[in-house]
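Visitor: Protein chains in written order, with the numbering used here: chain R, 335 to 954; chain V, 108 to 336.
Accuracy of the hints is not assured; some may be wrong.
Each pair of labels, with its calculated beta carbon distance range [claimed, not checked]:
#, chain 1, residue 1, chain 2, residue 2, range
1, R, D687, V, T320, 27 to 35 Å
2, V, L319, R, A730, 17 to 25 Å
3, R, G531, V, T215, 49 to 57 Å
4, R, N645, V, L319, 50 to 58 Å
5, R, E624, V, G293, 34 to 42 Å
6, R, T749, V, P267, 50 to 58 Å
7, R, P642, V, T320, 46 to 54 Å
8, V, F292, R, E624, 30 to 38 Å
9, V, T287, R, S422, 46 to 54 Å
10, R, A683, V, L259, 53 to 61 Å
Far from chain R by the CB rule (all over 10 Å, computed), these chain V residues [claimed, not checked]:
#, residue
11, R172
12, A246
13, I247
14, L257
15, R282
16, R307
17, T315
Here are some chain R residues pointing at chain V (derived, C-beta under 10 Å) [what the hints assert, rightly or not]:
#, residue
18, K544
19, S806
20, S807
21, A833
22, M837
23, A841
Just so you know, the hints here were simulated from the structure itself, not pulled from any lab data.
For every residue, glycine included, the Cβ atom is placed at its ideal position computed from N, Cα and C.
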Amino acid sequence: MKTHPSHVNRLLAALAGLMALATAASAAAAAVTEQVEPAEITVGQSAQLTITGSGDAPGALAPPVIPGLEFVAVGQSSQMESINGQTSTTSSIIYQVTPQRAGIYTIPAVAPGSQPQVLRVLPASAGSGAALPNIAGASALPPAAMSGLAAGATRLTPDGSAFVRLRLPKHQLYVGENIPVDIQVGMREGLVASLNGLPTLNGDSFTLNKLSTQPDRTDELIGGRPFTVLTWHSLLAAVKPGALSLRIETPLTVRMQARSTVPADALGDSDLNDFFNDPFFQNFFGGTTEKDITVASTPAEFNVLALPSQNRPVGFSGAVGTFKVNSELSATAAIVGDPVTLRLQVTGAGNFDRVNSTMLGSVDHWKTYAPTSSFTAADNAGYHGSKVFEQPLIAAQPGNLSLPGMAFSYFDPDTGRYETVRTAPLSVAVSPAAAGGPVTIAPAPIVGAASTAAGGSTTGGLRPDHVETRESSASLAPPFFRPRYLSLPSVLTVAFAGAWLWMRRRAQVSIDDDAQQADRIKTATLLAQMDRAAATGDARSFFNSARRAVQQTLAARWQVSPESIAAESMGARLGTDRTEIRRLFDLADEAAYAGTMLEPIDSQKWRQVVLRQIEEIAPS
Amino acid sequence: MSLRRSTYGAAIAALMLALGAGIAQRATAAPVQPGTGYSAPQLYNLANAYARDGKPGLAVLDYERARLLAPSDPDVQANLQYVLEAAGLPAVTGNWFDRHVGLLRSSTFFWLGCIGILLAGTSELARRIYPRHRMALRAISAAGVASVILALCAAAALWPVMSEAVVIAPTTAQRVAPATLAEPFGTLHEAQIVRVEGQRQGFVLVQTAAGLTGWVVRADLAPIVPRGS
Chain R
335 MKTHPSHVNR LLAALAGLMA LATAASAAAA AVTEQVEPAE ITVGQSAQLT
385 ITGSGDAPGA LAPPVIPGLE FVAVGQSSQM ESINGQTSTT SSIIYQVTPQ
435 RAGIYTIPAV APGSQPQVLR VLPASAGSGA ALPNIAGASA LPPAAMSGLA
485 AGATRLTPDG SAFVRLRLPK HQLYVGENIP VDIQVGMREG LVASLNGLPT
535 LNGDSFTLNK LSTQPDRTDE LIGGRPFTVL TWHSLLAAVK PGALSLRIET
585 PLTVRMQARS TVPADALGDS DLNDFFNDPF FQNFFGGTTE KDITVASTPA
635 EFNVLALPSQ NRPVGFSGAV GTFKVNSELS ATAAIVGDPV TLRLQVTGAG
685 NFDRVNSTML GSVDHWKTYA PTSSFTAADN AGYHGSKVFE QPLIAAQPGN
735 LSLPGMAFSY FDPDTGRYET VRTAPLSVAV SPAAAGGPVT IAPAPIVGAA
785 STAAGGSTTG GLRPDHVETR ESSASLAPPF FRPRYLSLPS VLTVAFAGAW
835 LWMRRRAQVS IDDDAQQADR IKTATLLAQM DRAAATGDAR SFFNSARRAV
885 QQTLAARWQV SPESIAAESM GARLGTDRTE IRRLFDLADE AAYAGTMLEP
935 IDSQKWRQVV LRQIEEIAPS
Chain V
108 MSLRRSTYGA AIAALMLALG AGIAQRATAA PVQPGTGYSA PQLYNLANAY
158 ARDGKPGLAV LDYERARLLA PSDPDVQANL QYVLEAAGLP AVTGNWFDRH
208 VGLLRSSTFF WLGCIGILLA GTSELARRIY PRHRMALRAI SAAGVASVIL
258 ALCAAAALWP VMSEAVVIAP TTAQRVAPAT LAEPFGTLHE AQIVRVEGQR
308 QGFVLVQTAA GLTGWVVRAD LAPIVPRGS
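With the hints as extra help, turn the sequences into a complete structure.
Guide: Spelled out as structure tokens, the structure:
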């Protein structure tokens, strides 16, 4: 084959041109610039950091981490230009930069070729010439949480839709010690349909303070993809010692593709993979389904120590942290009978739910009442704050009275020791009460109160105190609603009802016994009449008495009157085997109407018959 | 026979009395240590202290508690009315039973009811044993039943107090749902007495005297009769 030299030259020239274009494009993609505007702001204001570059390079860059500066992604833009047939794409990402304190911040270069930026942050009250400390940032890690806790490990779900992350200040703590914790749930927009509940602890070794229903919301770039991050600030405490592990779980609903996605690197180009697997592209062609999943954080390991039992103060109530105390009185002068309020303020950081004080117990010349307490948190989680105990006191006699100092014990996890802090004694000048003087009542802070003048005091009306006695009740509930007392009327009612029923039954049984006894007497009388009739040969009287004796026995058994028992009705009730009784009744009728004479042998026979029948049919 | 019945009846009556006395002794022998229980004068004095200190909510709470232990104390009534008026709240009126019969202590009514049960029960048993004294025993039984009815009326009148609470915060919002984000539709003022109808997640469902029902933060209320009391 013969090749024309000019064709070869043209082909080489075209290849060289293509290589030159590719090199230029590559160089353009690597060019990244950053700019912060304005360069000088005051605390409370925000600046903008704009990172601009060719292609999608800015989106793949994470903002730097600088203590005292917070970076929040607020916008992203891209621009396409075509000049003389050459197309170029430029994209920008904009961060809102908010300083937390004054200083000169150096924002490092986020990519090779870009220039570091300087941001001057002035105090809110200072002029532009104020001296400021230099603060330089050098890390390229994701931005720290607003609480300043160390970043935890970020582990995305397999589909890259969400993550749960913990930020903890330390991994060694004591039982009962509260440590602040930030729980962060990151969700990629478009892939997560809904958050189905608050994050929860996995396991029973820790307790977590109640989470707010309104977490902080920020945006964060992870792997070049934007995530919406919800942050809950809370307090974590271990309930038992040992090497413990903790995970946080959150229920989510994610959108999944009904058809298979393009496998990673199937197209050999990450840009194309991203394009075809983009939620918008997938949703455009339809076929998404929703699925409920639970996202868990990476396990956090803890070494939990038990509180030492040695040197534990007597008044230790379980407070763990670092605290300071001070006390004050509502007034340094008082009148006998007038109340003053003693306040004990405990400030610091720790488990304020275990900060307790009984304040003053029995004090000479003072009448003391039970204290009340209130807590004011200084942060979102309630880790820092102040707890105030208030105790009403009433001076019992005039003079310069003193109140002893109060002690508060806690365990300091930093030093690993129990600490006891004390307040100084207080003194009050108490003057005697004016006899018959009016009692003042301070105005109640009631909104809309009509009869109380704002800022004034109402006088009179309040009747004086009573003399206290030793009589007391264990409960305020009326006895009707206290089980201990309710048992009395209940048992009495049941016992009386039972006794009444027992007596009634017993009376009935007694009546029955009397009736049976009377029946037996009547039967015996009739039998005696039979014997007398047999001796005189009076058949009429003999059989009549015999019949009445049987009737009497049957009547007692059937609970009917003896006269109602006739020979005809006995057949059905006695059966056919009682022919002797029927014969007896017939003989009695014959003797009554025909006057039959009675032989001695017959009288003996019928007497035996009557006795046997009575024996058989008598009621048991 | 009559002698035997009389013996049974006397034994049963003695048993009833011993049973009642034993339970009563156990009921009243609660482990009350001096200074640890509730005392009407102490609650009244504490309420006075709160009233002078400008805390009408806690003052009304302790006046109401003192009123439970000493309902006939005129000072408690007067100071309660005074603090309520000073706070711009309506006075406590009470029902017919409160005004006429409710001046006795609840414990008095309770023991009256127990004595009524004893009287009615014993006389009914005695009627079976001594029918000749039927009329007198029936009168005693009727008196016992009347005592029991009076005690039951007292219990019914006191029952609402078990679910009443006093607002101890300066003001608190009444919300449509038990959540801080829920829309408030009304405001309760300090010292206002409300009826508690339910609790959920740090909130209490309350009904005001005007009939408005809504959720209030639990910490802003204090029950007149504490739970477990």
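Visitor: For this structure, which hints from the list above don't hold up?
Guide: 2, 11
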